[in-house]
Every structure is written in structure tokens, then in C-alpha cells.
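> One-letter residues, chain by chain:
Protein chains: 2
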Amino acid sequence: MSNMLDTDRATALDAARVAFRAELLDAGLLIGSTVPGIYGRSGAFEAIISGLDAVLGEMARPLAATVLRFPPVYPRVDFERTDYIASFPDLTGIVSSFDRGDREHRELLSARATGEAWDGWLDPTDVVLTNAICHPLYATLEGRLPVGGSVFDLSGYGFRREPSSDPMRLQSFRMREFVFVGAPDDAQEYRDSWLDIAIETLASLGLPVSAVPANDPFFGRAGKMLISNQLRENLKVEITVPLYGDLHEGTAIASANCQRDHLTAPFDIRTSEGALAHGACVAFGMERTALALLRTHGMDVAGWPGEVRALLGL
Amino acid sequence: MSNMLDTDRATALDAARVAFRAELLDAGLLIGSTVPGIYGRSGAFEAIISGLDAVLGEMARPLAATVLRFPPVYPRVDFERTDYIASFPDLTGIVSSFDRGDREHRELLSARATGEAWDGWLDPTDVVLTNAICHPLYATLEGRLPVGGSVFDLSGYGFRREPSSDPMRLQSFRMREFVFVGAPDDAQEYRDSWLDIAIETLASLGLPVSAVPANDPFFGRAGKMLISNQLRENLKVEITVPLYGDLHEGTAIASANCQRDHLTAPFDIRTSEGALAHGACVAFGMERTALALLRTHGMDVAGWPGEVRALLGL
Numbered sequence: 668m669s670n671m672l673d674t675d676r677a678t679a680l681d682a683a684r685v686a687f688r689a690e691l692l693d694a695g696l697l698i699g700s701t702v703p704g705i706y707g708r709s710g711a712f713e714a715i716i717s718g719l720d721a722v723l724g725e726m727a728r729p730l731a732a733t734v735l736r737f738p739p740v741y742p743r744v745d746f747e748r749t750d751y752i753a754s755f756p757d758l759t760g761i762v763s764s765f766d767r768g769d770r771e772h773r774e775l776l777s778a779r780a781t782g783e784a785w786d787g788w789l790d791p792t793d794v795v796l797t798n799a800i801c802h803p804l805y806a807t808l809e810g811r812l813p814v815g816g817s818v819f820d821l822s823g824y825g826f827r828r829e830p831s832s833d834p835m836r837l838q839s840f841r842m843r844e845f846v847f848v849g850a851p852d853d854a855q856e857y858r859d860s861w862l863d864i865a866i867e868t869l870a871s872l873g874l875p876v877s878a879v880p881a882n883d884p885f886f887g888r889a890g891k892m893l894i895s896n897q898l899r900e901n902l903k904v905e906i907t908v909p910l911y912g913d914l915h916e917g918t919a920i921a922s923a924n925c926q927r928d929h930l931t932a933p934f935d936i937r938t939s940e941g942a943l944a945h946g947a948c949v950a951f952g953m954e955r956t957a958l959a960l961l962r963t964h965g966m967d968v969a970g971w972p973g974e975v976r977a978l979l980g981l
Numbered sequence: 668m669s670n671m672l673d674t675d676r677a678t679a680l681d682a683a684r685v686a687f688r689a690e691l692l693d694a695g696l697l698i699g700s701t702v703p704g705i706y707g708r709s710g711a712f713e714a715i716i717s718g719l720d721a722v723l724g725e726m727a728r729p730l731a732a733t734v735l736r737f738p739p740v741y742p743r744v745d746f747e748r749t750d751y752i753a754s755f756p757d758l759t760g761i762v763s764s765f766d767r768g769d770r771e772h773r774e775l776l777s778a779r780a781t782g783e784a785w786d787g788w789l790d791p792t793d794v795v796l797t798n799a800i801c802h803p804l805y806a807t808l809e810g811r812l813p814v815g816g817s818v819f820d821l822s823g824y825g826f827r828r829e830p831s832s833d834p835m836r837l838q839s840f841r842m843r844e845f846v847f848v849g850a851p852d853d854a855q856e857y858r859d860s861w862l863d864i865a866i867e868t869l870a871s872l873g874l875p876v877s878a879v880p881a882n883d884p885f886f887g888r889a890g891k892m893l894i895s896n897q898l899r900e901n902l903k904v905e906i907t908v909p910l911y912g913d914l915h916e917g918t919a920i921a922s923a924n925c926q927r928d929h930l931t932a933p934f935d936i937r938t939s940e941g942a943l944a945h946g947a948c949v950a951f952g953m954e955r956t957a958l959a960l961l962r963t964h965g966m967d968v969a970g971w972p973g974e975v976r977a978l979l980g981l
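Protein chains in written order, with the working numbering: chain A, 668 to 981; chain B, 668 to 981.
Hints are computed from structural coordinates only; laboratory data are not their basis. No experiment lies behind these values; they were computed from the predicted model shown. Positions of the beta carbon are idealized from the N, C-alpha and C atoms, including for glycine. Watch out, some of these pointers could steer you wrong.
[As the list claims (entries may be wrong)] Residues from chain B shown here face chain A by an in silico Cβ test under 7 Å; the list is partial: (1) 708; (2) 735; (3) 739; (4) 753; (5) 786; (6) 839.
Construct the entire structure; sequences and hints are all you get.
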């Protein structure tokens, strides 16, 4: 297919994604909704997620990481200290609610009854949807870190507003993330060594993974510069799996990321010696990895290779 | 303390809640944020949640329920089909995002740089925060149910906008819920029998539980009528635990609920014979139950009664 025209290729890729989505819905693994990228999941799907969670916990055991869990929303003041709204405004989710009186509520309901928009009666709250599960962490680390830095085991829901018919692109999804915060050299070394371990772990599940430089979807014209910076400095490496033959080079299921002082500077997080700390992480998309396993090994888990099922406890 | 004045009593109760919250933060079980009711949780806290999840799964085994999991946001069109915005506007969370161009983004960033509000550049999206984890389920059941109805095992995050210094009142929290949808008589019977089983299960964890008629915080003047309906018809029973001696009669950690046709009518869900189905559920607040266990047995899990630790696998 490598001599297909670009437009034919894009059409064929779209069709392959829609077909994969239909297979997942037909098998009852995902439960569709009226909004692209918002799905229910079956018990069989969740069993894969649980198995994967256990495999990742085992992988990370030598880290002796501090376990922390954050909810799917976090304080807007912390969000404001990052530059997320500058880089990814279109992926952001801000929460509004009703904070007025009885009279305004009657007005809202009247508008609603006649089919008018009633959002005008809502006001922004002080919480936003969590975009990356490490963001709430950084707000808790303001000040000095212990000698040698700190390692955290995070897991939770992220939100990104990117409706798509590609079942790999969810708006609400879970990530498991192992984050180091400490001296800059240690952060770089952590990123590099855990990239290798992550690749090994995912390969052990029979996934044909590759490591490729990431280019995040920074917004707009100014964003183009940020993309080229990210690539030039090799800050983020994605671990991808090909899902659609040679129609597409592969979809990211995990990444290893040098965040440098991107989140430590806004929250003034310092090493034990007082220097500005750096952050680094290895992060796994839980639904994406489960979907990659289903695409690679088939819709029927009972037919997966025995060693993969054994590792996942399935 | 029963002869305290009402205002003294309210002050003492507030102080007791704040003290409980401080104990949880000091023990590192909850991690505070700048927003009341938004917390991180430690590994020790999450171990209690996992244990509780296993206990509830064991309890519900005879149901052979269909496992479904929904994300913390769901389609706004489904939300619109319920009357949640009429009954609980103040608890609602609507998601907005940026859906405009480069020029508007520059305007947003300029406003932000000068400290102005930038919400005006956002637009409501087609997703809302999930208020009750059974709401996304009902949208998937439109049509006829199988003979005998259906039973579902749900678990996930709910959102309710009710900032509070009471650590039992979270804005973002997890629930485990077992839902029956089927013939009205079967729904009533399901509610009654699973109320008893839920009480037994929670009592087996050493919690001094009581069953009390619920009065949900329906909004405004019109809401007062809904509260008295709910009480008169005994539609919802809460399972409460006293946490602050005789300062407060007890906080709900679970409930058993006859939803009648409240959610089946909007989604036109029918029995196998074509009659309008009824819904019923037994629902457990995961964080609330974990907090009630900590309050009852102490902050140090190692010191909890052996049989409770054994049940929870702690």
C-alpha cells in the first residue's frame, strides 16, 4: 500500500479505525455513546486493565515509589500556574456550575423548557478537569525535596477534548505514571532508563513496540515552534504500536518524558540543595494499551498467547 | 451534650469535622488542596478502598451482575434527558473548552496576562461531569430488557459541587453501585433485600450502621416538595454511621434507592413484556466508607480489629 496516494491512504486509515471501533462495540468490550471518544467498558475490558495495572506495579517495584492518587478534577489555581491553556486550549476542560438563587434557577428552567441555551446561568467554578495526572502532584511539592529526589506512582483519569472516531483517542481515559522529581541529571537518567524498561515490559506482552520522538499537538501557529523545540531537544519519546498495517506508522500507548523545569518552576520545587528541580516521567495509557493488546492478539482474550494471559492474570 | 444550644452544637460539630480532616491530613491519608473537598489520597488510603471493593464484589457475587464501567464525564444529551438540572443545579458540573481560532486564542492569552477573566473565550462542550454513576447506564438501556430484568455492577467517579470542610463531603468521589432494572415489584423487592445485605456487610466491618430515610438536597423552594415526597414514599434509605458522638446523628456512607421510573421513563426502558421498567439500586460511597472505617477503628490500620483487617485483606 506504500504507493497509495496520501488522500486514499487517509481515507483507508479512517475506515480501518472505524472498523476497529465497530469490532470493539460488537464484541461488547466498549459501549458506545452519542459523543465520540466517550465509552463505557465491559468487565472483560476492565480485566485487561487490571492485569496491566498489576504488570506495571510489578515493573515499578524497584522504584519503591510513593503511591498517590488524584481525582479527575483539580484546583483551577494550580491549572493557572501551568501554561496548559496557552499550549493546549482546545484540549482543556473547565467546570461550570449553578451558583445563583431561586429566581435565576426559574429563569434557567424556563429557557430550557423552550429549548434555549441555559449555560448563561452557569458560572465557572474553581475546578478544572485533570489533563495529565501528574499536574495535581506538582502543586503538592512546592518547596524542597528530600536528598536524592522523590519518585511517585500515580494513576487516574485524564481528560482531553479531542473527539474522534479512532477508538484509541478517548476524551476521558486512565493513565498510570511513574514520576521522578529531583536533580536535573538524575531526571535525565531516570527518563532514559525507564524508557528502556517500559519498552521491555510492553514487548513482554507481545506488543510490537517502537520508540519514536513525540510531537505533541501544541495549539495554533505559536505551537509549531513548541513542537520543533520538543523534537530538537528529544524531550519526549513515545512508545508506539502499529495497529493498521502500513496505513499508519503506529499509535502511542506510553511515553517517557523529560519535563525539565516545565512544572517544577511554576511550583518552585527545589532539590535538597536548593537548585530548581527537574521532573521526568514514564506514563502508560491504560485504555490505549488494552486496545493495542486487543488489536494485536484478537478480540477474544481466551485465544491470546498463553504467556501474555499468564502475565496479565487472564 | 444533648442539652447544648443548637448554635453551640453546630459550632462544635464544625470543629469536630475540621479536627477529623486535620487528623487525616497529618496522617498523610488525604493530601489537601486549595479547594475544599478535592484531595489526593495515599497508598494506605487506597489499600482500604481496594479491600472494600473486594468485599463488595464478594457480597454481590450471587447477583451475577453485568460489570460496566463509565468514565467521569458523559454526554450532555443524556444529562438533558434527566431532570438533574431542575433538582440539583448547584451540584452540576458542565464542561467548557476552547473551540475557536488562533486570533481568539491570542485574545484569551492577552486577557489572562493582564489578570482578566478568560472564560468568555470558552464554549460549553457536549459532555458534563457524571453526577451519579448509574446515569450513563440508563442511556444504554433504551428499549426492552430481557425477561426478569437486568442487574449491573457499576463503579466510578461522581462529581457534586458542594465545597465543604467536612472530609466526608468530597466534590469528586468514587461509588460502587449495584443496579436492578426490571418489573416494578421486582425492583421494590431488590431494593429491600439488598438494603439488608448492605447493612450486614458494612456491619461486618465493625461499622455501627443505621438505616434512615434519606432527604436529598433538592434545590430551592420547589425542591422542598420533592424532599417531602421522597420521605413520604420511603423511596431512598441511607445507611449512616455516627462519626462525631452525639453532635450528629450520622453521615450516610451507602444508600438503597427505589428510583421507580425516574430514569427509565426519560430513556423509555421497558420490561420484556413492554411495560415501563423501574430502577432500584444499592450504592456505596467508597471514600465515605473508608473514612468511616478510619474514624471508627483509628488512623493506624495496623491497629484495626483483626477480623476487619482480614475481611479487607489489610
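> Look at each hint and say if it fits the structure.
Each hint tested on the structure:
1. 708: holds (5 Å)
2. 735: At about 5 Å, which falls below the 7 Å cut-off, the nearest Cβ of chain A leaves the hint on residue 735 (chain B) intact, so it holds.
3. 739: holds (4 Å)
4. 753: Cβ of residue 753 (chain B) sits 6 Å from chain A, so the hint holds.
5. 786: holds (5 Å)
6. 839: holds (4 Å)
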